[in-house]
Amino acid sequence: MNSSETEKALQLPDYAALKKLAAGLWRQDNSSHGAAIMVGAGFSRVGAVTLDGKKKLPLWIHLSQALSQDLNATGAGDPLRLAEEYQAYFGKPALHDLIKREINDGSWLPGDLHKDLLKLPWTDVLTTNWDSLLERGAWEVMEPAYNVVSKAEDLANSRSPRIIKLHGTVNLSEELIFTQEDYRKYPESHAAFVNLARQIFIENELCLLGFSGDDPNFLQWAGWVRDKLSAHARRIYLVGPLNLTASRRRYLESINIAPIDLGAIVSEYDDLDTKHLKSTEVFLEILTALKPKAPWDWAPRSIHRSLVSNEELDKTHKDEKHAATLLERQLSMLISDRESYPGWVICPGGIRFPLQTQICDPYPSLKIISALSEDVRAKLLYEIAWRHTVSFELAHSWLAEQFYSICNPAVGCALTKRQQMEVALLLLKRSSWFDDESSQKLAKDVLKILEDNVRFWPEIASEIALHQAREARDRLDFSTMENKVESVAEIDPVQKLQKAAILAECGRFEEGEKLVKASFRELSDQYRNSRNSIFVLSRLAWATWLLRGSQRWSSEAPFDAFSINYQEAKCNPWDCMEQIQDRITKAAEKQNQNEINPSFEPGRYTDNSKNIHFSNEIHPILLFQGIADSIGIPLRLDGVSFLVDKAARLVKLDGIDDLHRFSLAIRAADSDSADSIKHVFSRVQMARISPEVANELLARCMRAVDYWKSKLVSSTGPMRGTALNKLRVFMEVLARAMVRASSDQAKQAFSIAMEIGKDGRFRHIWLVEALGHLIEYSLQSIRADQHKEILLEALNFPLQSEINLGDFPRWPDPAIKKPGERGLNPTLDRRIDEIIEKVGPCSKASASALLRLLPLIAADFLTEVEKEKCARMIWGCESVGSLVPETGLFKSALLELPSPDVVATRSVVRTYLFERMDDSLYLHEVLASILNASNMAIGNEFPSEAQAINYFQRLTEWRPKNDANDYFDTLAASQRRISLLIGDVLARSVVPSLPSTELTKANFERLLSFCLDANSPRANAALVFFAPLHSENSAAVKKIIKGGLGDQDSLKVACSSYALLKWRELRADEVVDELISRLVYLVETMRSPGLPVLLWTANQMVKNNWLNSSQLEVLTDAVPVIFDGANYNLTAPVSRDAVSVSLLRAACVKLARELIAVNDHCAEELMRVMEEAKADPLPEVRFAEISTE
2 MNSSETEKAL QLPDYAALKK LAAGLWRQDN SSHGAAIMVG AGFSRVGAVT LDGKKKLPLW
62 IHLSQALSQD LNATGAGDPL RLAEEYQAYF GKPALHDLIK REINDGSWLP GDLHKDLLKL
122 PWTDVLTTNW DSLLERGAWE VMEPAYNVVS KAEDLANSRS PRIIKLHGTV NLSEELIFTQ
182 EDYRKYPESH AAFVNLARQI FIENELCLLG FSGDDPNFLQ WAGWVRDKLS AHARRIYLVG
242 PLNLTASRRR YLESINIAPI DLGAIVSEYD DLDTKHLKST EVFLEILTAL KPKAPWDWAP
302 RSIHRSLVSN EELDKTHKDE KHAATLLERQ LSMLISDRES YPGWVICPGG IRFPLQTQIC
362 DPYPSLKIIS ALSEDVRAKL LYEIAWRHTV SFELAHSWLA EQFYSICNPA VGCALTKRQQ
422 MEVALLLLKR SSWFDDESSQ KLAKDVLKIL EDNVRFWPEI ASEIALHQAR EARDRLDFST
482 MENKVESVAE IDPVQKLQKA AILAECGRFE EGEKLVKASF RELSDQYRNS RNSIFVLSRL
542 AWATWLLRGS QRWSSEAPFD AFSINYQEAK CNPWDCMEQI QDRITKAAEK QNQNEINPSF
602 EPGRYTDNSK NIHFSNEIHP ILLFQGIADS IGIPLRLDGV SFLVDKAARL VKLDGIDDLH
662 RFSLAIRAAD SDSADSIKHV FSRVQMARIS PEVANELLAR CMRAVDYWKS KLVSSTGPMR
722 GTALNKLRVF MEVLARAMVR ASSDQAKQAF SIAMEIGKDG RFRHIWLVEA LGHLIEYSLQ
782 SIRADQHKEI LLEALNFPLQ SEINLGDFPR WPDPAIKKPG ERGLNPTLDR RIDEIIEKVG
842 PCSKASASAL LRLLPLIAAD FLTEVEKEKC ARMIWGCESV GSLVPETGLF KSALLELPSP
902 DVVATRSVVR TYLFERMDDS LYLHEVLASI LNASNMAIGN EFPSEAQAIN YFQRLTEWRP
962 KNDANDYFDT LAASQRRISL LIGDVLARSV VPSLPSTELT KANFERLLSF CLDANSPRAN
1022 AALVFFAPLH SENSAAVKKI IKGGLGDQDS LKVACSSYAL LKWRELRADE VVDELISRLV
1082 YLVETMRSPG LPVLLWTANQ MVKNNWLNSS QLEVLTDAVP VIFDGANYNL TAPVSRDAVS
1142 VSLLRAACVK LARELIAVND HCAEELMRVM EEAKADPLPE VRFAEISTE
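Going from the sequence shown to the numbering used here is simple: count from 1 and add 1.
Calculated from the structure, these hints are not laboratory results. Just so you know, not all the hints are guaranteed correct.
[Unchecked claim] Straight-line alpha carbon distances no greater than 16 Å define the calculated EDC-like cross-link-like pairs of lysine to aspartate or glutamate that follow:
| id | residue 1 | residue 2 |
| --- | --- | --- |
| 1 | K839 | D814 |
| 2 | K819 | E770 |
| 3 | K57 | E103 |
| 4 | K818 | D786 |
| 5 | K445 | E487 |
[Claimed, not checked] Taking CB as the label site, the calculated pair distances span:
| id | residue 1 | residue 2 | range |
| --- | --- | --- | --- |
| 6 | T912 | T971 | 30 to 38 Å |
| 7 | N805 | N941 | 47 to 55 Å |
| 8 | K418 | A700 | 35 to 43 Å |
| 9 | K819 | N941 | 49 to 57 Å |
| 10 | R236 | P188 | 28 to 36 Å |
| 11 | S1188 | D658 | 32 to 40 Å |
Idealized CB from N, CA, C, for every residue including glycine.
Please build the complete structure, drawing on both the sequences and the hints.
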């Protein structure tokens, strides 16, 4: 359609009727079912295509002429009457033959008009034509897909849209409607078609195309509609170049026909067929052009100038008034875009970024904003604020101050009070991301503004309550969260979802699910009445998504949901989920990019560490939180994860402040062993945080533990399970945060752990491991010399045998190794006696009581009476029997425990340890007991020479077993443990006990073979006993130790350094000195993965005065450098270095202490290390100076 035709169409008197028909066709009105069309012979005549361009399909007048000619009648006359006469004279077959001859259906093809017509969304296409052009044209149209109805039987298997052949099809139908009698009997003979037509005419707008005002079909069907449907029929639109007179128009309107006369558009054409062709083309083009823009087909307009000269750019940057003028010119377009925004609850990802960056030519700045007039400034700031709200962007501090200047309704400006409060609400929501004092003050001021002006926007009260509940959620303040969420009204469907999300955080899943269902029902009702509303549709999409997710594991019957293409409407929740996932993935990839990229050329590389990356994209945490809070998406709802996986990945990204990271990691955790807990609360991560953050984390966790303890006590059913899970998570986090606790804070946490352990209501398998960690880590953060203050608390902690739960797994044992001096304390005396009473003769249940007593026995804390009673309880009598009693501990423990007869006990234990003649020697318990007996500080036991010879032969002949079916390496792991234990037993117990006559070349080879075949580097220390006796042995051992010291396996480094220490203990010679120099060199280079062990070994050598002045000087210089290099902030939390960084710092402190003791001259740097260590974030370093281990 050219411009002149367009102009003529707009000026048509019937253009309003044409728009009305288009509105029905495109279903702009919710009450409209659509539009149907009835196609007449005129459409086929102008639309059909044949090779012979001169031929045309006949109209009624042409059929009348053909009938008259055969009947020898004069004049055309009424075609229906002529057909009746023809049939009466020649018979029905002759009449049908005439129709076939005149139409010649096979010689015609559907043209572009047929395709253009059928591409429109008609509810049904009815036709009185006998040709098959419409049906054949439908095959070339992909959308919509039409069903063809040629006879009544087809109705049962068809659905809209349909091509309905009212009068039959040549070469297909037995009956073709043509004669007067056919028309008269039609209502009875074709009742199904009549009823179908009745329904179509009642429900839809009806368009007649290809009919003239005198067309018999038009007259018959229009009369039938008027007679049968009367007031129930919708208006019928008759379309074509009608060229109606005023009287003819009045007549058509009187019979409920709205003419759409296109004659004026095609008045320049003199050929009638051409007029009809052009007018039909124009008609279809206008209908297509009047297709309403889909409500989701929206995007912000680009206001960036495409071509800008350098002079203009320079002027824009330097002249604030000029830049302000440019922004002022854009204001109307910005307002228009905002007002036309369809109302998505979450702006689609493809639109959000253009909207976020729409105002960029020029970018607003404080100077430019200040150059605007007050009214324009307020309006522009509102447009910026609205875009920040929709795109989840954070405002710079200067912009936040500008927002604040216009957000108080008490101070009038060009904005409405509601708009001012919207800006205030934006500031309030964004304030949670800033923790500086000025931001917090601004947040308080904004909150007061909103509270003082609730009357102007009543719904703001719920928004305030939601914000405060979310802030409490992020602070892990569950009590406040529960209180605030009760103030959230349930009027708006989205607020129901948002309230449900907060309730889910409190474990109130059932209430949350009810709110989700209520929101879904309410939005479904709204959608039934507003199907074109993106505002409703986008909210319904999320409610449906949440409800479907919450019922994933439900036994309830699936709920009924609308079949809606959310994807087309740009409100598919899965798109948002994928976008969050993609943004997290992109950020993680950028974060993990190698700082150094080696070039292909040797010696060249690209240093990326100093690269500066510019991006307008918001941080994934803002996108995640913005979407979650805007909708009300919980991380999980009653076991169903909505955002847990994304949150767990998100907390690993940089750019998130610690407290928000901690909150999100805890909320994402489904157990105390969750990946988010292990990563975010790793030891190195805890060392990195500031003291203020550490104290805040401790306070929040203690508060949360109290909350979930009370919930667990008061809850039943599913809520009890939630409380248990939450409690174990917070206990684990509190335990991990203990490394940053002061001694007083650690004592407080220890007391909490003791209370939980003593209360039977908290004895659940889910809590055991977290409880053990809380006890262990809090003890580590209490100075050893203060352990005596918590001794009674620790002793009162129930023993495993006291909780009546049998072999309860991993029940904690708060062992106090430094109980201090024994004083008069009847309560303490009574408790120790109770513990001793729990020791039973030959009972594994005695283990928990004995483990509690062992540190007290080692510290000589028990009275003689208590020792004697303990001995009787262990042995069950006043004397030692011939059998080793069962205690639940390794049998070597009997050497440390009180005994009625120490000599007899040692004899019995030695028999158990050293006189085994069968394969029970290779049992883990036996080997561990032999090793422990050799390592005791007092009263250690070694085999006799004969026993040592026997065990040496048997242990060195052991080899690990292999099993081809050991798919999970269970046997391999077990054999590996045995191999290492045998190595330790050989090195620490058996070989040191061999007589010198057994230190032969053959036995050395035997031992060396075991070390290699069994892959047991712990046996290296046994080799050194053979080294001094033979030079070949010495060379072989030197090679093994030297190679082990420089190995990348920290175990081999440790074993080799211990072997060197043991060799030096046996003798000093050139080989040993050379290896010691090698060790010192490795310490100086700081490149060994076993550096903490090397430092420990060097420490032992310093204590024993085995190093020369040169070596001491090297260590004195190296220790401060190593200490400074072991920086928590420079250590990747997930790396090999993170495993030992604190041990490395602690080893530096201990070595520094010994070096200062040896020579306090030139020890300034060592003193600095000692002082810095006292304030170290981790207890193993803080207390390293006073540690005796």
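### Message
When the structure is checked against the list of hints, which entries are broken? Sort them ascending.
### Response
2, 5, 7, 9 and 10
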